[in-house]
Amino acid sequence: MNLKSKEAARSRLIISILIGALLLSAFFSLFMGRYYMEPGKVAELLAGLMSGKSQKSAELNVVWDIRFPRVLLNIIVGAGLAASGTAFQAIFQNRLVSPDILGVSNGAGFGAALALLVTGGSAVWVTGFAFGFGLISVFLTFLLAKTNRAASPLALVLSGIIVSSLFGAFISLIKLAADTESVLPAITYWLMGSFAGTTFEKVRIAAVPVAAGLAALFSMRWKMNMLSMGDEEAYTLGINPRLNRLVIIAASTIITGACVAVTGVIGWVGMILPNICREFISADNKTLLPASCIAGAVFMVLVDLLARTVTAAEIPIGILTAIVGTPVFAFVYRKGSGDGS
Amino acid sequence: MNLSVIEGSFSYQPDKPILKNLNFQLSEGQVLCVLGQNGAGKTTLLRCLTGFLKWNSGHAELNGQRIDGIKSLTQIAYVPQAHPAVFPYTALEMVCMGKAKSKSFFEMPSRLDREQAMESLESVGMQGLAHRKCSQMSGGQLQLVYLARALVGSPELLILDEPESHLDFRNQALIFDKITELVGLKRLSCIINTHNPEHALRISDLSLLIGYDGCYEFGKTSDVLNEENIHRFFGVFVKLLDLKPLGVEQKTFVIDRRSGNIL
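Chain order of the listed sequences is A and B. Here this note's numbering runs 123 ahead of the position in the first sequence, where the first position is 1. Here this note's numbering runs 1405 ahead of the position in the second sequence, where the first position is 1.
To be clear, the hints were calculated from the coordinates, so they are not data collected in a lab. Model, not experiment: these values are computed from the prediction. Keep in mind that the hints are not guaranteed to be accurate.
DMTMM-like, lysine to aspartate or glutamate: derived pairs with alpha carbons at most 25 Å apart [claimed, not checked]:
#	chain 1	residue 1	chain 2	residue 2
1	A	Lys-129	B	Glu-1524
2	B	Lys-1508	A	Glu-355
3	A	Lys-129	B	Asp-1518
4	B	Lys-1538	A	Glu-182
5	A	Lys-409	B	Glu-1520
6	B	Lys-1538	A	Asp-354
7	B	Lys-1425	A	Glu-355
8	A	Lys-409	B	Glu-1561
Interface residues of chain A toward chain B, partial, derived using beta-carbon atoms under 7 Å [to be verified]:
#	residue
9	Ala-338
10	Ser-342
11	Trp-345
12	Asn-348
13	Glu-355
14	Glu-356
15	Gly-361
16	Asp-407
The beta-carbon is built from N, C-alpha and C at its ideal position, and this holds for glycine as well.
Between the sequences and the hints, there should be enough to build the whole structure, so can you do that?
Here you go:
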């Protein structure tokens, strides 16, 4: 029993470290950037804000209206994508699955492109269309998987790939029709993903669905262990595989859809972070899900910090997650046991 | 504990019956071995018993009560083949999964559950590897972990799908000795799929031979596991040898090659 409590203490320690890293990186993000501020100044501004005795100033504007919502959105999106990636990997019994395996990203991309083409780029329409089409594409994936009797995990993944490429083709079609001076670049940038221009409004839009989805995933996280053993074993262990899979897919899709709708397509986080955490913390989803959530948030805050500080023009974050993610993954995998166990 | 299958039938395609009007029963402390060639329907039978597949007609009864599956029955537990796990759960985490049946929808394993999981690992002699990742275990160790996972729910009946598969000679003997020991210790009943008639001879009280097209033979192992039935269901000529003259209280089958043709 002693050993077990030691193990639990170790997970608690790692999670505390991750939370510390999150707070630190979030605070760091508030004063780093094109407009550099002394850390002390940021703390002062925040303290002033808390006590309600702050005056309007350019600095306050940068910290409170630009950087603060952006960091919040980093955290929400990072945690959301990592959580739905963890859940999807468990229920599809595959470590290479990412949150958009059922087509949500390409569906959302199509929705956004359509809105950019038709409405000329109103933020509300783009977000709404992206979220809506993200959900629709996963629904289509379900319908397609159902045509082959039972919607088995394999049938779902295959259908997801097909629906993804279908919406990919639709995106290309819209690009073809789009005005090359204004709409085409807008679509292209949207698809690369970005946190630029984050407002509290966007944070609010993303926070509600992500929080609801996370609550569902958190409360069901232990069941993901049983589901990850395959349908037959899950059933004999007392879990209804179809029902539980459906609920988890719905929750994950809402999370991913909301994240993609506000930031555009951001890959890698949802696939890599769960694997790294599984390697170093625990494979047990009871611990893994919270751990990869926080790790995803830290990763997103740091990569977004890079995105807006490394060069004069901001680099789309979808590009950076892959560029930073690959060496991080290689390094971590080499350090780990290396056999994927 | 008393399990019976009454007129159980199942087929994947209407014209090709796998199981046809199957009848058998099993009482407390008895071991039943299910034998047959690859593809005869051994695994299908287990899936019908667990409820993962639904009988086309007929049903199973536990203590006289009709059952549709074991999903919410703590009295019956299932032990899969020693397949490698995709995710590197530790043995203890794996065994904790065996408590899921007695949990409500959102409930997670408690400290008590983990203690019981530890005891279950002890009962199969695996307490030393409780924190070892299942992906770093041998097939034999993994099979013992799956056994412990089934035992943690204190079942009265175990259903085992070819527990010897993927195991080497020594581990096969080890796992069957462990099962026999537990059956004696806890008055467990077992239904075991195996493709090796010798294992059935050694450990089972009852045998169920399944052939193609839904034919079957059920009875006491000493009655039904004979040379004719092995030829009928496995398609090979064998001799049943009594090893008593060698000082071993055991019988065994050897393939008869004297006619130059074993089939």
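Original post:
Any CB of chain B closer than 7 Å to the CB of Asn-348(A)?
Top reply: Holds: closest Cβ of chain B sits about 6 Å from Asn-348(A), inside 7 Å.
Original post:
Does the nearest C-beta of chain B fall within a distance shorter than 7 Å of the C-beta of Asp-407(A)?
Top reply: holds, 5 Å
Original post:
Is the shortest C-beta separation between Glu-356(A) and chain B less than 7 Å?
Top reply: holds, 6 Å
Original post:
Is the Cα-Cα distance between Lys-1508(B) and Glu-355(A) 25 Å or less?
Top reply: holds, 19 Å
Subject >> Restraint check for Lys-1538(B) with Glu-182(A), where alpha carbons must lie at most 25 Å apart >> reply: Roughly 51 Å separates the two Cα atoms, so the pair is violated.
Original post:
Under the criterion that the straight-line Cα-Cα distance not exceed 25 Å, is the pair Lys-1538(B), Asp-354(A) satisfied?
Top reply: holds, 22 Å
**OP:** Would you check the hint for Lys-129(A) and Glu-1524(B), treating anything up to 25 Å between C-alpha atoms as holding?
**Re:** Roughly 18 Å between the alpha carbons, so the hint for Lys-129(A) and Glu-1524(B) holds.
Original post:
Within a Cα-Cα threshold of 25 Å, do Lys-409(A) and Glu-1520(B) meet the stated pairing?
Top reply: Given pair Lys-409(A), Glu-1520(B) holds - Cα atoms ~17 Å apart, limit 25 Å.
Original post:
If you take the shortest Cβ to Cβ gap from Gly-361(A) to chain B, is it below 7 Å?
Top reply: holds, 3 Å
Subject >> Holds or violated: Lys-1425(B) to Glu-355(A), with C-alpha atoms at most 25 Å apart >> reply: holds, 23 Å
Original post:
Is the straight-line distance between the alpha-carbon of Lys-129(A) and that of Asp-1518(B) 25 Å or less?
Top reply: Satisfied, since the Cα-Cα distance of roughly 17 Å is no more than 25 Å.
Original post:
Any CB of chain B closer than 7 Å to the CB of Ser-342(A)?
Top reply: holds, 5 Å
Taken one by one, the earlier hints fail for this structure at numbers 4, 8, 9, listed in ascending order.
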